Amino acid sequence: MPVDPVVAQTTVETLGSLLGLGELSPLEDFVLSFVVAGGIVTFLLTLVAVSGIWGKRKITAAFTDRIAVNRIGPFGLLIIVADAVRLLSKELIIPEGVDRPAWDIAPFVMVASALLGFAVIPMGSGIQLADPEVGLAYVFAVASIASVGLIMAGYSSNNKYSLLGGLRAVAQNLAYEIPLILTAASVVIFAGTLQMSGIVEAQRAALVDLGGFGIKSWYAFVNPFAFLLFMAANLAEVGRNPFDIPEAPTEIVAGWQTEYSSVYFVLAYLSEFIHIFLGGAIITTIFLGGPTSPIVGLEILPGFVWFVIKILAVYLFTQWMRSAIPRVRIDQLIEIGWKGMLVLSFANLLLTAVIVGLIA
Amino acid sequence: MSLERPERPESGDLVGVTEDGIDYEALEELLGDLVIGRESHVNAEAFVVRPDEVATALGTLRNEAGFDHLSCVTAQEYEDRFESIYHLRKYDEATHEVGLVVPTSKDDPRSQSGNSVFRTADWHEREAYDLVGIQYDEHPDLRRILLPETWQGHPLGLDYNPEKPQIVTLREHANPLQEDHRRGENSDTMFVNIGPHHPATHGVLHLKTTLDGEQVADVEPDIGYLHRCEEQMCQQSTYRHQIMPYPDRWDYISAGILNEWAYARAAEDMADIEVPEYAQVIRTMSAELCRIAAHLLAVGTFALDVYGDFTAIFMYSTRDREVVQNILEDLTGQRLMFNYLRLGGVAWDLPEPREEFFEKTRDFLDELPGRLEEYHDMITSNEIFQMRCVNTGVLSPEKARSYGATGPVARGSGIDYDLRRDDPYGYYDELDWDVITEDGCDNYSRVLVRMREVEESAKIIEQCVNLLEDWPEEERTIQANVPRTLKPDPDTEIYRSVEAAKGELGIYMRSDGTDKPARFKIRSPCFSNLQTLPEMSEGEYVPDLIASLGSLDIVLGEVDR
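Quick note, the sequences are listed as chains A and B, same order. The first sequence lines up with residues 1 to 360 when you count with the working numbering. The second sequence lines up with residues 1001 to 1561 when you count with the working numbering.
Hints are computed from structural coordinates only; laboratory data are not their basis. For clarity, every value in this text was computed on a predicted model and none was experimentally measured. Backbone N, C-alpha and C define an ideal beta-carbon position, used for all residues, glycine too.
The following label-pair restraints were derived from C-beta to C-beta distances: (1) A:Arg66 - B:Glu1329: 17 to 23 Å; (2) A:Ala84 - B:Glu1469: 56 to 62 Å; (3) B:Asp1416 - A:Trp320: 39 to 45 Å; (4) B:Asp1416 - A:Ser89: 58 to 64 Å; (5) A:Phe75 - B:Glu1322: 20 to 26 Å; (6) B:Asp1439 - A:Leu174: 38 to 44 Å; (7) B:Gly1539 - A:Ser89: 45 to 51 Å; (8) A:Val148 - B:Pro1162: 55 to 61 Å; (9) A:Glu28 - B:Asp1188: 56 to 62 Å; (10) B:Gln1386 - A:Phe75: 35 to 41 Å.
Using the sequences and the hints given, assemble the complete structure.
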């Protein structure tokens, strides 16, 4: 059911009209974009701080029969502050023989690539920095830049574990990016647009009507197979079990992160989590109806809250996998990627195209 | 060097086998001219052979008489000579033992290496060279193994001066960071040090690994980082009380009582001490509790190696192990270094009120099957886990025998060898339990063996608890009469072993008439088992190397002693 491209108002324009600026001049546009982007980044950092430093420990603890942080502040929440101070006040150790500019730039590249992706994600309640017509292609394009950061980090660290980790990361990203994009393409066939707001819009209609309360036609319901495929490929993309091979602490210490300490470590860690959230945001947008409630007529919570709930659910899923599923070996991973996922995702794309072609 | 197992004659054709043991006369005849003398050790007869005929003698005993297990090589220095003792026994019949004593002169302590017959001699002889100073001809790689390569002197030699400072400049040590391609400058391989500080080496183990891409081209374990002179400390301690605390520190992964039993058994046999039956039952029960605790940790950490970071299985096994630890704490007063066994018995009786102790133990045993079910759900029946572990780290039975592998490692390769049954001690032969073997020879089999052994241990504990509960109060003797000072006759020699958590833990002791042993040698199962790592992992991927290492379940405290 292709829908017409929606010309949605981006947040910058909304903000402009709220301030009574009318048509924005380039300078005003730039400044306001900066403000909104700052807001989004702040939100993401908060999310990472809460879920990465505190939530991750609590979740893993719940899975493994432990209690985890509970000493500092209510529910141990102030550990976030304590950890932030701890990590930032540590010495930044620069090993001898690292390839300086590359080694320094790598963490920034990784963080930036993940953050850039959020520019086009509709977060509900009218929050969306930009809504280009090629939104989905843009997200995958910028998210892939992280691979460059990974190989820079691995190669420039002058550490064999880092090198192995960097190579593994790139091999893994290559093997799983294609199934990821192909599966997303099957959604594009349904929606008929690459524009993020358009894809969300296409999932608004009710799939099944249950006496006034209709379950919405999220693509996760319309094509569950593609959804599962995408979730699995996404686990590899963000490097979580069973595909946490680039880091594999028991094998190659910490992979490409091995030589990073202090602020750079924070950045590396941050990029990991923002990538998980970006993965969650993409899944939310293209499979879970974006910032909408799952049932027609139950729009009690604001869209933004729905959006946060959904990406946290995806995050929870990655943590669950991490606690419960063994890691596959590097050759098995590549085999699953090229021989299994790729074939399945092509099959999915073809079938979707045929079905959509027949119906439409 | 031949790793091929020769055609083994049917056990009926083996030289020297009689109805009730070994006919040493026949063996002497078999060795013929090689024998230049004969010694009587408490555990077995020993033949003195010429130092240049060691390999021939070992080969003859293996091929003709079926002694296919070189369990230990002990080296020691006398006033007038050096001596290496090869303790041989059979995998099929552990009570058949024989020793080969190889004397060498003081001025030129050289003897032939046994490496061409038994691969396990490699490391054992390196240790003998390192600590005592005997040179082994034809040894492929005679370097120090426990001490740094720059060490001066041989610490267990008689003329060693421990006061002399070991001043070695940093420059003289091999630089761990230097480029090392092992296979030439232009090769495609990469040398990488896994350890001594690495998340998966289970302690301070250093694996010098050569990688070809992600595949292991060559791996060489470098041990000795945790060497604490345990043998020397035991040689400076009295038999009666001072040695017993040390065994707890070898395999410190809650296997303390199993280790103590190794010493207790050797010393009791040496001094002819009869242990009361009641104490034997308590020993058996507490030892099996230790085995459960040790195996649970082994399974948990192996899961950690295969799964990734902190995983549910590791914490679950720690949780269950905690229950065992609490029971052991009630019994011994300690959680880590039990020091519970005494020569001739145990330190004290079961804790009062006894009913409470029995109930606690029974509760644990009742819950155990459910827990194991959970582990099987999460580990052994997990498909990804099977993908990772089945057919990786393969150790063929022939290689396992040649390397002297014992314990779950041998039993995972289908070798039916368990000293609790084959060389009975304690109360084991009165109880109903089975020896577990698996034929897979891979990482998966070794884990499965451990998990199934936990069930068997639980069976043993249950029977012990039943026995102890009904034991008449007046017959609860926990300690035999042992003299305050123990002075075995001069020149008594004994090699005795027990089935510890990781395999055959043996002790060799020689007395010189004083209250301290003149030589105290520990045969560590982990030491021999670790030697098989290169065989298992060469040609496999790095993750499999790590998994194989985990499945060997080594404790560096015991490897390095």
